[in-house]
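Asks: Okay, here's what each chain looks like letter by letter:
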Amino acid sequence: MQHGKYRFIVGFLAAPLALYALFVLWPFVQSIYYSFTDWTGLSPDFSMVGFDNYARLWGDDVFWKSLRHSLLFALLLPVVTIGLALFFAFMINVGGRHRRGAAVSGVRGSSFYKIAYFFPQVLSIAIVALLFQFAYNPESGAINSGLKAIGLGDVQPLWLGDPDLALWCVMAVLVWSTVGFFVVLFSAGMASIPKDFYEAALLDGASRITTFFRITLPLLWDTIQSGWVYMGILALGAESFAVVQIMTTGPGGPDYSTTVMVLYVYQSAFRDGAAAYATTIGVALLVVTLAFAAVVMKLGRRERLEY
Amino acid sequence: MGSTSGHSNGGLGRRDLIKRSAALGLVTIPTMSFLSACASGDGGAGGSKVEKGKVTKANPLGVNETAALEVVIFDGGFGQQYAIDAEKKYNAAFPKAPKVEHKATQKIQSELQPRFNGGTPPDLIDNSGAEQMDMGVLVGKKQLADLTPLLDAPSVDDPNKKVRDTLRPGIVEMGQFDGAPVWILYYAYTVYGVWYSQTALDRLDAQYPETWDEMLALCEKAKKQGIAGWTYAGKHPYYLPFSLYPFIAKIGGREVLDSIDNLEPNAWKHPAVKAAFEAYYELYKKGYVLKGTPGLDHIQSQTAWTKGKALFIPNGSWVENEAASTMPKDFNLAVSAPSGLDASDKMPFGTLWASGGEPFIVPAKAKNVEGGMEQLRIMLGEESSKNFTKQVKSLTAFNGGTDGIALTPGLKSGVAALEKAGGNVVNPRLQDWYVKLQKEQIGVAGLGEMMAGRLTPAEAVSKIQGFADRAAQDSSVKKYKHQ
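Top line first, the protein sequences correspond to chains W and G. Just so we're aligned, residue 857 is where the first sequence starts under the working numbering, counting upward by one. Just so we're aligned, residue 252 is where the second sequence starts under the working numbering, counting upward by one.
Hints in this document: simulated from the structure, not taken from any laboratory. Think of the CB as a built atom: it goes at the ideal place given N, C-alpha and C, for glycine as much as any other residue. Don't take each hint at face value.
What the hints assert, rightly or not - Here are the simulated BS3-like cross-link-like pairs (lysine-lysine), alpha carbons at most 27 Å apart as the crow flies: (1) G:Lys560 <-> W:Lys1004; (2) G:Lys472 <-> G:Lys560; (3) G:Lys520 <-> G:Lys475; (4) G:Lys475 <-> W:Lys1004; (5) W:Lys1004 <-> G:Lys537; (6) W:Lys1004 <-> G:Lys392; (7) W:Lys921 <-> G:Lys537; (8) G:Lys542 <-> G:Lys525; (9) G:Lys641 <-> G:Lys354; (10) G:Lys729 <-> W:Lys921; (11) G:Lys354 <-> G:Lys520; (12) G:Lys536 <-> G:Lys558; (13) G:Lys542 <-> W:Lys1004; (14) G:Lys641 <-> G:Lys525; (15) G:Lys637 <-> G:Lys308; (16) G:Lys597 <-> W:Lys1004; (17) W:Lys1004 <-> G:Lys558.
Claimed, not checked - Computed footprint of chain W on chain G; a stretch qualifies when at least three of its residues, placed anywhere within it, have a C-beta under 8 Å from a C-beta of chain W: (18) 358-370; (19) 383-390; (20) 535-545; (21) 688-699.
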C-alpha cells in the first residue's frame, strides 16, 4: 500500500506546517524586517534605516548589561535549579534507608515532600514575585525581621535596593518557584528506571553516591537535557521578565543591576516608543536563545542508553 | 519510552484527514489577512472622519450633532466617575448623538497603541499611568490634534471668556512641545513638594523649617526620638526631584532648571545643583533618612511615613488619595515648598513645583476630533471641575473651582502653598519631555545611587551630566526647548 503515500503525508502535514509558518516563522521574519526600520509603534509610517538600530545596540551600555544578566540567568539558573531538583528527586525516590522488601525507596515522608516542593508551581509567577517583594522589604519585610529576631539586628541588607544583591535576590525567587517542577519531572523519570539495576548495585555494595552517578544520572540524561533547555529558555524569557518587572520596579533595579533583555525589549517598545529598536533587541535575544539551545544540545550529546 | 506503533491510527480515515486539513486551510486564509493587517495597518483605512457640524453659540467648536464619541479614561488613582459625569453633560448637550462610548483601562498603551498604529484611535484619551504613551513620539509622528481651537473657544460658564483664560498658569505651555500648537491638555493640577504630618511636627514642637540649617536641626531632634527625618520611594527615586528640583531653582534661580530641561552642556554642573545634591546627601550621611529606604517602593515608603517612622517625604498631591487607607485620622496632612539653603538663595521661600497632571489628548486621526475637544471643554467648566476636586481630592487645570467645597487637609495645604508661591511656580519638563532620562537615568541610576550612599554628590553630578549629554546627542530622541 505504498501508492499515494507522499500525497497523504503532504496532505497531512500541509495544514500544521502552514499554521506553524504563519504563527511562528512569519512573526520572526517580521521582527527582523522591522529591526531595519525606524518604526515607533505609535504610528503606521516608518522608513528603512539600514543597520542604524544595530549600530545603536552595539554602543548601548544598558543593552550589554542586560545581555550579561540574561546570560547569567541562562547559565546559572539551570545549574542551580536542576542540581537541587536532582538532589531532591533522588532523595525522594532512591535515597532513603533500605527497608525490608524494597530495593529502593525514598526518605521518610517523601510523598509529602513531593507535594511541598511542587506547591510553588501552582502559584502564578506574578503572585510569587509580589510575595517575595514584601519579604525583601528592608524596613519591615519577613527576611530582615527574621534576622532581627535571631539577634542579627545589625545585618539589615537592602536586598532589592542594593545593586550587588538585587540580581541574586531575583534569581533566588526563580529557583524557589521552579525547582518543584523539576523534582516532579525527575521523579517521574526515576520511577521508570528498572528497580533491578538498583538491586544489582546494592548487592555489589555501591554507595548512594555511586548509585546516583552510575545509574540514575546516565539513565535520566535525556530528561535532564530537555529540562536544561526548557529552564534556560524560561530564564531568558517570560519568567525572568515577570520577576524583574514586578519585584525590582525601578525598573530594572538600582543602577540597571537587574535589567534583562526581555525587560529591555518591553521598555523600548512600550515606554520609549521605539518599537523598531525593541525588535532589534528581540533579534539579539533570538540569537542568544538559539545559541544557548545549540550549545546545550551539542554538549549534552552522548550515547543513548536503552533499557 | 517505547516506540509508537505505525498502525494505530485506524480510527481516523484518510478522507477525514483531508477534509479536516482543508477546513483548517479555510480558517487560515482569513487569519493571514487579519495578521498582516494588524502588524502595521495602513494609515489610509481609518481616515473616515465625521463631517463637521454647524458652528453656533451653543456649539462653538462645530461638533457634528449626530456623530458618535468615544472616550478612553485611565482608570488609576482618580478613577473614572468624574469622566462619566462629564460625559452625561455631553449627552445632554447633543441629544441627537448616540450615547458617549466610555471606556476605562489601566493599560493605555497596550490597548491603544495598535489603534494608533492602525489609524483608528478613539476621540479623547486620558494618556496617563504607568503605561502612558510617549507624548514626544506621538507629537513627532503627527498623531495628535492641535487643541488651539478648544483654547480659543468660549468657556462653558462665561461666553465672553476664552477657555484659555480660565486655566491655571503653565497649563497651556505644558501642552506645547515646540512652537504654537497645543497638543496636550493636562486636566489635573498637581502640587509637588515636601509632604508631612502637621500633627507629627506639633508633637516635636516644631514648625516647617525654612532653611537647611533648620531642617537639619529638626531632623536631629527627631532622630533623638527614634524618628527618621526623611524617607522616599527608594525603588522609584525619581520622586526625589519633586522637592529637589524646586530646591535647585530656589538656590540658583529658575534658569538653572531651564538649562537642564534644554539639555544644555554642563547644565548640571551649576553650583546650585551641587549645593542641593550636597544638602540631600547630608541627610543620608547624618542618618536622617529612614533605614532601608532604598529598598522601599512608593507605597511602602508612604506607609512607613504615615505610620510616623519618618517626618518628610517628597511627593505629589495624589498622595492624599493614594495613602488614604493607611493615613491616621489625626494625621493632618500638609505640603510645603522645599526649605531653602540659606539667605543667599535667588528665589524666596515658597518656590514650588506645580504643574498639570492627567494629560488628555485628541488623536489627529480620531473620527470625531471636534467632539473630543467639546468633551474637554465641558470638563473644564466650573461644575465638572468642582466635581473632580470633590471626588478625588485634586485640583484641576480650571483656575478656581474650589469655592464652596469642604477641602481635605492636604488639598487645603496645597492651595495655600500655591497662594504663597504666587508667581514662583517652577515647572521642570524633564519628566514629560525625556521620560527615560528623568526616571531611569537621573532618577534610579543617579539620585537613587547617591541617596543610598553609593555615589558622592560630585560623582552623581558628573554621572547625570553624562546621561544628559548622551540624550542630547541621541538623534533618535526628539529635542525640546523652553520657549
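Asks: Verify this for me: three or more residues of the stretch 688-699 of chain G with a beta carbon less than 8 Å from a beta carbon of chain W.
Replies: Held - the stretch 688-699 of chain G has 4 residues with a Cβ nearer than 8 Å to chain W, which meets the minimum of three.
Asks: Does Lys475 of chain G pair with Lys1004 of chain W here, judged by a C-alpha cut-off of 27 Å?
Replies: holds (21 Å)
Asks: Mind checking the alpha carbons of Lys1004 of chain W and Lys392 of chain G for me, to see if they're no more than 27 Å apart?
Replies: violated (55 Å)
Asks: Do the alpha carbons of Lys1004 of chain W and Lys558 of chain G lie within 27 Å of each other, as the hint requires?
Replies: Holds, at roughly 20 Å.
Asks: Taking beta carbons only, do three or more residues of the stretch 358-370 of chain G come closer than 8 Å to chain W?
Replies: holds (count 7)
Asks: Counting residues of the stretch 383-390 of chain G whose CB is closer than 8 Å to a CB in chain W, do you get three or more?
Replies: Since 5 is at least three, the answer is holds.
Asks: Check whether three or more residues of the stretch 535-545 of chain G sit with their beta carbon closer than 8 Å to a beta carbon of chain W.
Replies: Since 5 is at least three, the answer is holds.
Asks: Are the Cα positions of Lys560 of chain G and Lys1004 of chain W separated by 27 Å at most?
Replies: It holds: about 18 Å lies between the C-alpha atoms, which stays within 27 Å.
Asks: Between Lys641 of chain G and Lys354 of chain G, does the CA-CA distance stay at or below 27 Å?
Replies: Status holds; Cα separation ~22 Å.
Asks: Given the hint that Lys641 of chain G pairs with Lys525 of chain G, does the C-alpha gap stay at or below 27 Å?
Replies: Between Lys641 of chain G and Lys525 of chain G the Cα gap is close to 41 Å, so the pair fails against 27 Å, i.e. violated.
Asks: Verify the proposed pairing of Lys637 of chain G with Lys308 of chain G, using a straight-line Cα cut of 27 Å.
Replies: Distance ~24 Å between Lys637 of chain G and Lys308 of chain G Cα, so the pair holds.
Asks: Keeping to a limit of 27 Å between CA atoms, is the pair of Lys472 of chain G and Lys560 of chain G held or broken?
Replies: Holds. Lys472 of chain G to Lys560 of chain G sits at ~14 Å (cutoff 27 Å).
Violated hints, in rising order: 3, 6, 7, 11, 14, 16; the structure is consistent with all others.
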